[in-house]
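From first to last, the protein sequence lines stand for chains A and B.
Position 49 (the first sequence) corresponds to 49 in my numbering; numbering is contiguous.
Position 632 (the second sequence) corresponds to 632 in my numbering; numbering is contiguous.
Simulated from the structure, these hints should not be mistaken for laboratory data.
All residues carry an ideal CB built from backbone N, CA and C; glycine is no exception.
Heads up, none of these hints are tricks.
The calculated label-pair distances, taken between Cβ atoms and stated as ranges, are:
(1) G117/A x R85/B: 56 to 64 Å
(2) K75/A x K472/B: 40 to 48 Å
(3) P422/B x T136/A: 23 to 31 Å
(4) D408/B x G56/A: 26 to 34 Å
(5) S366/B x G52/A: 20 to 28 Å
(6) A151/B x E74/A: 42 to 50 Å
(7) K133/A x S388/B: 39 to 47 Å
One-letter residues, chain by chain:
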Amino acid sequence: MAPTTTTKTTEETSQTKAGPPKLSDMADSIDESTFEQILEMDDDDDRDFSQGIVFGFFEQAGSTFEKMEKALYEKKLSDLSSLGHFLKGSSATLGLSKVKEACEKIQHYGAGKDETGTVDEPDQSISLKNIEKTLTQVKEDYQEVEEFLRKFYGVEES
Amino acid sequence: MEGGQTSTSSNSGPSGNSSDFVRKLYKMLEDPSYSEIVRWGDEGDSFVVLECEKFTKTILPRHFKHSNFASFVRQLNKYDFHKVRQNNEENGQSPYGPNAWEFKHPEFRANSKESLDNIRRKAPAPRKQARDHDDSVPTQQIDLLNQQIVAQQQQIQHLSDRYAQLTVDHQLMLQEVMRVQKTVLNHENVIHQLMTYLLSVDARQRRDSKTAAPFPAQGQAGSTLSPSQVTPMDDEPSSPLQQASKLLNDMHSEMQFNLTGVDQLGEAKPTTVVSTPTNGMVRAPTAGNPATLVYPTTTPKMNGEMDTVVYPVGATNGIDPMYSEHVNNVPYPMPPKAEIESGDARRQFPDNRKKSTNVDPGWMRSPHILLVEDDATCRQIGGKFLYSFSCVIDTAFDGLEAVNKIQDGSKYDLILMDIIMPNLDGVSACHLIRQFDRTPIIAMTSNIRSDDIQLYFQHGMDDVLPKPFTRKSLLDMLEKHLVHLKTIPPGMEAPQPAPAVPMAAQGSAAQSVKEDSSPGQSPAASMSNWQSPGQFHGMAVHPSIPHVQGQYAAATPGAPVAYAVDQNGVQYPAPTVALAPAGAAAPQPAVRPPHRRQVSEMSSAPDNPNVTKRPRMYAQPAQTMVNPVQARTG
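Kindly generate the complete structure, drawing on both the sequences and the hints.
As structure tokens, then:
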């Protein structure tokens with residue numbers, strides 16, 4: 001715990017909000033222990049490693065969402081499924097639980113299943129509709145997490 | 001008919017003029033009434049038999065004096081007519097219908113009677129006879145033969161494929177066996193380390209117990225202090241230990257034999273062969289489990305015997321050293337023997353030391369890991385984790401790259417393989433790699449339903465690391481599959497696990513072996529009981545020991561030390577008084593009442609006089625007995 005709270009906002013940029021952001025405030029969206037173990041991989045004096053990964057993930061997520069939109073527009077369910085799987089992996093690795101869960105749902109919907117992946121959903125239009133809904137939701141969730149993490153690393157979005 | 005035919009043709013022979021046969025043929029085709037049965041082809045450069053049956057029955061006899069279509073065809077062949085193939089071929093569409101036969105000769109055309117002269121019989125061939133036979137064989141039969149040849153070729157191909165496959169399998173099996181052998185060897189090393197360690201512990205205990213030996217006497221007198229613990233340990237464990245090492249030696253040869261057996265059989269499924277031993281191996285290092293847990297897994301066969309071997313060590317288990325009643329009921333085997341053994345043990349001890357100093361808690365060398373992962377985030381984090389475990393990491397973006405790397409001869413100790421990847425998925429990649437390489441492959445995936453996992457194993461993967469992996473799960477996986485790169489498991493040379501066994505003795509009732517495996521407070525506490533002589537000091541053990549020992553050694557030189565001690569309780573007072581009057585008040589109270597107070601007295605004043613005295617009185621025996629003790633105190 002200690003290391004997470006110590007470093008962050010020292011960089012000149014932020015100090016905007018009251019108090020430094022705490023991982024525990026985001027318990028819904030971020031699995032603390034998973035994220036912690038990545039933070040533990042940082043060197044003692046900076047957060048370069050984890051920051052690199054997290055910001056890499058931002059890019060990845062951004063482009064994946066774009067691809068999802070496109071696939072949704074083109075009604076390519078299988079593309080949506082594999083995109084969901086793809087983003088699920090990296091978000092899970094970072095412990096971004098909300099995003100991960102949504103991606104999993106998209107993966108299942110795209111595979112013509114219900115959200116748990118257990119029951120077949122033969123109607124493509126229902127699957128597409130479900131994905132559309134989930135995608136909208138996950139982008140909001142993701143936005144929240146990204147904002148938080150940017151603050152956490154003391155880099156406000158310009 | 002044959003005869004007629006041949007005569008016709010031989011008449012016309014290879015003369016300059018066109019042959020009868022050709023002329024007849026031409027004439028036949030000029031008859032428009034046959035057009036439903038036989039006629040010129042649409043192009044006029046060939047002729048077509050439309051209705052084979054009618055042609056054979058009605059026209060052939062009329063023009064050629066026979067009704068054998070095959071002969072007719074043979075005749076045509078002799079004049080170098082060629083059947084237009086597509087007619088006969090199932091797939092080819094004949095413009096004249098499926099049953100039509102179309103024949104062609106470059107010089108045989110409608111309205112071109114002159115060119116008939118150019119149609120000659122083919123070279124008359126001395127092998128005419130043979131030819132006849134050949135020709136009589138319908139094309140179908142040739143096709144049939146061809147098919148047979150093709151089929152045989154396929155069979156041969158199949159066989160050679162199978163052979164290749166078997167060779168590969170055999171290779172794999174051999175590698176597998178090698179690996180198992182290596183694992184077994186590692187196992188044995190572990191056991192030996194363990195044995196040497198136990199022996200050393202045993203030796204130490206015996207030394208301690210020797211020093212403490214007199215005390216049970218006092219214990220009997222009413223005190224139940226810790227030195228008494230030692231007594232039951234004294235000779236008991238040594239023989240089981242000896243037995244154990246003997247068993248191990250026997251096992252060793254047996255093992256070798258078994259392995260050759262396996263080698264010959266070569267039947268076992270790779271996966272099972274691999275996974276069981278590794279599993280077994282792993283437990284010991286990772287958990288740092290107490291020795292007893294290692295044994296069963298390592299050599300399941302030995303279980304029966306090993307149990308008896310292992311338990312006595314811890315066990316003093318059945319004998320509660322703290323429980324005074326036990327103290328005197330412990331049967332003492334021959335102490336002289338014990339002394340010899342302790343000598344042995346001590347000899348082994350230094351060896352053990354040497355080994356354990358070599359030990360590096362980590363890897364013997366950095367493991368080379370190939371991380372196959374298409375997702376940058378996972379790749380980075382996985383790589384970082386691996387790096388933190390001091391692994392050397394190579395990465396591949398997808399299955400194809402991984403296969404290429406292995407194919408190019410890169411050697412790894414372990415491959416971590418994502419399953420869903422672009423270009424080539426992990427399962428296929430693994431399947432391919434398995435054709436020529438046995439490096440352990442771990443599936444890293446979030447798809448871990450049982451049928452998924454079954455699929456992974458079917459294609460030669462060794463294990464599954466569920467995603468998202470944690471640092472710990474990754475490390476566990478490495479330790480599980482890279483046991484051979486581990487130096488001696490840390491638990492081995494670190495004191496705590498091994499003493500945990502004797503510890504069980506201390507806690508006799510409460511502490512099971514399992515509990516020991518979770519290092520808690522108790523091991524530490526009991527350890528001090530056992531190993532640090534401190535306690536004994538506190539009790540002023542040594543002052544009195546030399547005393548007693550000296551006495552009895554002198555009195556009954558051949559008698560068992562322990563035994564003497566036992567009796568001590570009864571007989572002690574008198575001699576002591578007699579012998580050590582110089583010890584002032586010491587001897588008398590020393591025997592019976594609680595020591596504490598006495599200790600201080602003895603250790604300060606009376607001790608020294610005694611010690612100095614003894615050499616004078618009982619020169620040799622006393623000396624030997626005292627020395628170890630003094631070494632400890634100092």
